[in-house]
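For this one, chain A is given, so just place chain B on it according to the hints.
Spelled out from the first residue to the last, the chains are:
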Amino acid sequence: MPFIGEILKYHSVSIVGLEKNTGKTECLNYIIKRLPTDYFKIAVTSIGIDGESLDQVTSTAKPEITLREGMFFGTSEKYYRQRKILSELYQISEETTALGRVVTAKALNEKKVLLSGPSSGSALKRWISSLDEIGIDLVLIDGALSRLSAASPAISDAMILSTGAAFSANIKDLVSKTAFVVELINLPLYINNLSKNINEVDATVSSFVDLDSDILKNSTTIGVEGALTDRLLQAVKNELSKGEKELVVNDFTRIFVSPDLYRAFIRRGGKISVRTRSRLLAVCVNPTAPNGIVLDSDTLCFTLSQTIGLPVYDIVKNNYDNEI
Amino acid sequence: MKFREIVDSPCGIRYCFDSLELQSGFARKSLLESPMSISKDEIEQKYASLKVFVDLVENNKSLVQNVQFKLQGLRDILGTLQSLEDGNLLDDIELFEIKHLALLGDDIKRMFVAARVNEDGSACLNIEWVKYDLDRVIQILDPEGLRIGTFYVYDAYSMELRKLRKEYEVDGDNDELREKIENEEDRIKTVLCNLLRPYSDNLTKLLHSLAQLDIIIAKAFQMKKGEFIIPGVSEKTILKGMFHPQIQSILAETGKEFQKVDFSYEIGIPSTIIGANMGGKTVVLKTLTLCQYLFQFGFAIPASEGEMMVFDEIYFCIGDEQSQNKGLSSFAAEMLRINNVLERVEHGGKVLSLIDEPARTTNPIEGRALVCSLLKMIYGKSNLSLVLTTHYNVDNGGRCWRVKGLVEGAKGISGLKMDYSLLQTENNEVPHEAINIATELGISELWLEEAKKYLDKTK
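Respectively, the protein sequence lines represent chains A and B. When we follow our numbering, the leftmost residue of the first sequence carries the number 3, and every step to the right adds one. When we follow our numbering, the leftmost residue of the second sequence carries the number 325, and every step to the right adds one.
In isolation and in its complexed conformation, chain A is listed as follows (with noise of 0.2 Å):
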C-alpha cells in the first residue's frame, strides 16, 4: 500500500484536488479504509461545504466519506443532525459556519458521512489545536473544491494532491499544469546567510501597493507579503538584468502567477522560496472527467510521474494493495 506509512509520520494531512472530481473524495476513502485505528485516533473533517452526496456543480453522483469505527469526525450540525452514523458527541465549537457550529464526534459504527467542517483556514487551525483535548494522532483534511488553501504549511504538515481529466482532458497539458503546482510546493526554504532570522528581508513589498521601483531595485531579497501576483512578479523579473533577486513568499498557497511569466522569471535567473514548507506525499490521478472524457490511466500515470518525479497513482483503477 503506498503512502500510509508516510501519512502516520504527520499530525495533519490535508488532500486537495487541483479542480473539483479529480478524485479526492476518493482518495480520503481509499486511504481511511487502509490507516490503522485500533492504537491510532484519527479525525477527520473537510474545509467548508463538502461532502454532499450530488457534486453541487455538474450533478454526478459523489461518494460520501465512509468513515470507520472508532474514528473521529468534524462536520456542521446541520449534517450532524441528518447523520445517518451512530456517533458520540465529544465538542461543539463556539464559531460558527453557514450550516451552524462545527461538532466534533466519534463514530461508533462503519457509515458515510457528509462532511462540511470549519469555513476558514483560521477556523480549521483553531479545530485542530481543540482536538488536543481528546488526543488526536493524525487529522486528515478535505480540502474544498480547487482550493488549496488547507494545503497551506500553516495548516496542515502534509498534502496529498489530486488531479485529473476534470482539470484538464489533455494528457500533455494536465501534466505541465499538474508540474507546475507541484513545483511550487516544492520551493526551497528561504535561507538566510547573515542571520538566522527567516523574517530578515531586504524589504518587504505588498502587491497590492504602488510599486517602488527602488525598493526592488536596490533590494536582493525581497518579502513579500500576502499573494505573490503577475503584476509583482513582472515588476520584479524587469529589474533582473541589474542583479540577483530573491522573492521570499510566506508559502506556496500564496503564489498566484501564470506559469509562463514564473518560468521566464526562472529563466532569467530570478529565484522564488517560501519561509514554510508543506510536504507532497503523493499525487493521486483520476482519469475520468465528468463530460465523460477517460484519459489513458497508465499513460497519465507514467508521464506524470517522470515530470515530477514523485510517485502518481490511480487509485480506483489500482488498489496497490499487494505493494509494500
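Fair warning: there could be bad hints in the mix.
[Unchecked claim] Mimicking EDC-like on lysine to aspartate or glutamate, the simulated pairs with C-alpha atoms at most 20 Å apart in a straight line are:
no., chain 1, residue 1, chain 2, residue 2
1, A, K114, B, E500
2, A, K80, B, E506
3, A, K86, B, E491
4, A, K86, B, E506
5, A, K86, B, D510
6, A, K113, B, E503
7, A, K108, B, D466
8, A, K108, B, E509
9, B, K490, A, E112
10, A, K113, B, D497
The set of hints was computed from the structure by calculation and includes no laboratory data.
For chain B alone, coordinates are given in the frame of chain A:
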C-alpha cells in the same frame, strides 16, 4: 442603564472592559447586558463577593486559575434550556449541551469544595448554585456513570435499542431497521426531556451564576493587576490618588508616568475645576466618570483610596462629535444636553453630572453668564452633584479647584513640566498661561508676539 449603553462612553470604560480577562463569550454578553446597580446594598454585596475573590486570587491562585480554565468551556445554551422548558423534544446536540453544563457546574463546585471554600466557608456565599443538586441531571445523561463530557443515545438506556443496533450492524442497508432505531431513540429522548424538565430552572440559574463567576474572577484579577481598590459606599465622594488606566498605559509606552490626583465632591455643592490648558482638567472629568461607572457596575476603581456615593443617573457631557450628525451646532447640542440633565434633576432621582467646559463655543461674555447662572441655579439642589471645568472667571458658586499648572523653571520630557495636582482654592481667578504654553509648544513667534501686543493694548 445597561453596561452595553455606556461601554463606549468617552470616559474610556471600554479599555477596562477589554482588559477584563473573561473566559467565555457568554460572560462577556452577560456583563454587557447587566444593569447598573443603583442601590447601596447591591453595590456593597457585589463588593463583598469581589473582596472574597480578591482574597482567593491572593491566597489560592491556582484554584482560581483552574476554575478559570474550566470556565473556558462555558457556552450560551439559554436557547436550549428554554426549549426544554417549553416542552420541546431536544436532540443529541442539545442534550450534549445540557450534560456539558451540568458537568462543568459540578466540576467547579467540587473544586471549591476540595479547596474547603464550600458553603460554610465564606467564599461562595453569593454563589447560589452550590446548593443545586446536579447529580440527578448528570445521572440522567450519563447512564454509564463515566462522568465524561460526551453524549449519544446510549445503548444502556434500553434493551430494545441495544438489540436493534446489533441487528443494524449486520444489516446496515435495512431502512426499516434504521427507522425503528430512530423511533426508539426519539422515545428515549422524550423520556430524557421529561426527566430533565423539572431542572430547567436550576440549570438556567446555574448558567447565569457561572457567567457571574467568570466576571467576578476577571474583576478580581483586574483589581490586582491594575492596582485598583474597592471604595467604601458612602454619602459623599472622596477619591485619593485616582488615575485613568488607559491614559496611564499610553503614557507608560513612552516612558512617562501618570500623575495621580485627589478629588472630592458632595451633593448640592457644585465643583468647578479651573486651570491652564493641558492641565488635565478633562482627564479629571473622564476619570471621575469612569470611577463612577466602575463603582456602580461592581468593578474595583483606579485610585489608592476612596469612598463614593451612589447615583441613579450619571451624565457625562463632553464636546461631542455626534452633534453634527443631528444637524445641530456644537453649542446647540451642548445646551440641549445640559437642559436634559436639569430636567432629569426635577424628576427627583439622584443625578451626577460632569460637564467639560460648558458654553465654550459661544462668545465669552454670554458664555460666562451661562456658566455662572448654571452654578447659581443648581446650588443647594439636594439630588444633584455637578462637576464642571471652565476657562471662564466664574463667581464662586460652590467649590473651586485649581490645577497647579506649569512648574516655573522646570522642564519635563517634552519641554513643559506640568503639575497636575488639584488644590481647593478661594481664588477663582483663572490662570493666564495660554500664551506661555503656546510658546513652549513652539507655535509661530510672530503670531504670539502679536497676541502679546494685543493683550497689552486691551489692558
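Structure versus earlier hints - violations, ascending order: none
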